[in-house]
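These protein sequence lines are chains F and L, in that order.
Its first residue numbered 1, the first sequence is counted upward by one per residue in my numbering.
Its first residue numbered 1, the second sequence is counted upward by one per residue in my numbering.
These are calculated hints, taken from the structure and not from any lab test.
Each residue gets a CB set at the ideal place from its N, CA and C atoms; glycine is no exception.
Don't take each hint at face value.
What the hints assert, rightly or not - Derived Cβ-Cβ restraints for the label pairs, each shown as a range: (1) E7/F to T15/L: 32 to 40 Å; (2) E24/L to C88/F: 27 to 35 Å; (3) S48/L to G227/F: 54 to 62 Å; (4) K260/F to I94/L: 18 to 26 Å.
Claimed, not checked - Some chain L residues well away from chain F (every beta-carbon gap over 12 Å; in silico): (5) I56; (6) P71; (7) A78.
As the list claims (entries may be wrong) - Straight-line distance between alpha carbons at most 30 Å, and here's what the computed BS3-like set of lysine-lysine pairs gives: (8) K69/L to K275/F; (9) K43/L to K199/F; (10) K66/L to K81/L; (11) K154/F to K131/F; (12) K68/F to K126/F; (13) K102/L to K68/F; (14) K68/F to K137/F; (15) K199/F to K8/F; (16) K8/F to K102/L; (17) K173/F to K81/L; (18) K20/L to K173/F; (19) K256/F to K20/L; (20) K173/F to K154/F; (21) K20/L to K102/L; (22) K217/F to K199/F; (23) K10/L to K275/F; (24) K260/F to K69/L; (25) K260/F to K102/L; (26) K260/F to K13/L; (27) K154/F to K68/F.
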Amino acid sequence: MDLRILEKNENSMRFVVTGISTPLANTLRRIILAEVPCMAIDDVIMIENSSVLHDEILALRLGLIPLKTDLDGYNLPEECTCNSELGCNLCRVVLTLDVEAVDETRTVYSEDLVSEDPNIVPVSSKIPIVKLAPGQKVRLEAYAKLGRGVAHAKWQPVSACAYRYVPTVEIDKDVCDNCGDCVDVCPVGVLEKTEDGVKVVNEFECTLCEDCVDACKKNPAAIKVSGNREAFVFYIESTGALPVERIITEALEIYKSKFKEFANQIAVIRNGSEKTD
Amino acid sequence: MNEGRKMQLKVLKKTSQELKFEVEGEGHTFWNLLESVLLEDDKVEFASYNVPHPLISNIIVSIRTKEGKKPEEALQEAVDKALQRGEELNEAFIRALEELNK
Ligand code: SF4
Ligand code: SF4
Ligand SMILES: [Zn+2]
């Protein structure tokens, strides 16, 4: 097993991992999408809303604002000892919004949300929530909680999480007549036409779309693309809720606890007596 | 699906070479991987899971083994393998991060 990080930016990461199976890659992807928790607004108490948006729509828009998450400082509501519907200060953060357009039209932005915890704030201050006409007002209290993407997409810590096979592009020099059709059709610029034949210049970027194979007039095509089924390029993009590396380590932690928990269940099977149906 | 809930297991059939149980709390994320790891084992003749209804998280798992290995042993080995691979992946990731931060 080998893992190499190709690219890491503030909110995204691209890495290649070799020597794992497709089911393992997929399990990792599914855990990242559906089970790594992050914060999102869940309950909203409307005190006043004279904007054009209905309470429900406003609440939905608030829920979809990604919030910076502190995984270590908060509990998942279902795991918190308070057992209270609105939560306690270990499982929820209160954000308040109190905006009025006095004599000019005004857009309410995510930066207008005032959080009781300076670590749990919208990832961007410039997300528009609603536009108010003069005289209109929004006053509300929003409760942000940890949750998992499996319950609602607002709790997905990533905006993208995908993997693909590491590609190989081969050109059969003996058959290829250097017509350049494949070069023109490739959407990501993998190929380049040169005096001595078509060259593969950017193999790694190949998306395995096979457009080049279809474009080649030779039969069978002089160009061949294939994916390595044991090597994957992962691309993960965080919403900003959590650092990407934390999302991955958290996912691997969840992975471990799943199998640990099932290991305990095996004892139940072992100790059970024989049974036929 | 209620993935992530506490696991509950009920044995439906158990003989020396055949095992069938119903289990709650995990879905494709867990079982697709475990099934594939089980099938790597030569002594496992058959392994499969079935989701009777996509909105209910009870899953039926069936395993049949060849002589010389009990299904629960195969299951234990598969779980150990999966755990070990997860650990390897974790280590590889942490190593790659350190490399990057150097
Ligand atoms: S498969 Fe698609 S992306 Fe890859 S080289 Fe061919 S045309 Fe380009
Ligand atoms: S389309 Fe086929 S023959 Fe033409 S350059 Fe590409 S590989 Fe060669
Ligand atoms: Zn609580």
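If I claimed the Cβ atoms of E7/F and T15/L lie 32 to 40 Å apart, would that claim hold in this structure?
Violated: the Cβ-Cβ distance is about 52 Å, outside 32 to 40 Å.
With a cut-off of 30 Å on the C-alpha distance, tell me whether K102/L and K68/F pass.
Judged against 30 Å, a Cα distance of about 27 Å means the pair holds.
Given the hinted pair K68/F and K137/F, is their Cα-Cα distance within 30 Å?
holds (26 Å)
K173/F and K154/F: Cα distance at most 30 Å?
violated (51 Å)
What's the verdict on K8/F and K102/L, does the C-alpha distance respect the 30 Å limit or exceed it?
holds (14 Å)
K66/L and K81/L were given as a pair; does the straight-line alpha-carbon distance stay at or below 30 Å?
Measuring from Cα to Cα gives roughly 19 Å; hence the hint holds.
For the pair we were handed, K43/L and K199/F, check the Cα-Cα distance against 30 Å.
violated (47 Å)
With 12 Å as the threshold, tell me whether I56/L passes as away from chain F on beta-carbon distances.
Answer for I56/L: holds, closest chain F Cβ roughly 14 Å.
Hint check for C88/F and E24/L - Cβ pair distance inside 27 to 35 Å
Given about 29 Å between the Cβ atoms, the range holds.
Starting from K256/F, check that the Cα of K20/L is at most 30 Å away, please.
At roughly 24 Å apart (the allowed maximum being 30 Å), K20/L and K256/F satisfy the hint.
Pair hint outcome, K217/F versus K199/F [Cα-Cα no greater than 30 Å]
holds (17 Å)
Agreement of K173/F and K81/L with the hint, judged by alpha carbon distance not exceeding 30 Å:
Violated. K173/F to K81/L sits at ~44 Å, over the 30 Å cutoff.
In this structure, the earlier hints numbered 1, 3, 6, 7, 9, 17, 18, 20, 21, 25 are contradicted, and the remaining ones agree with it.
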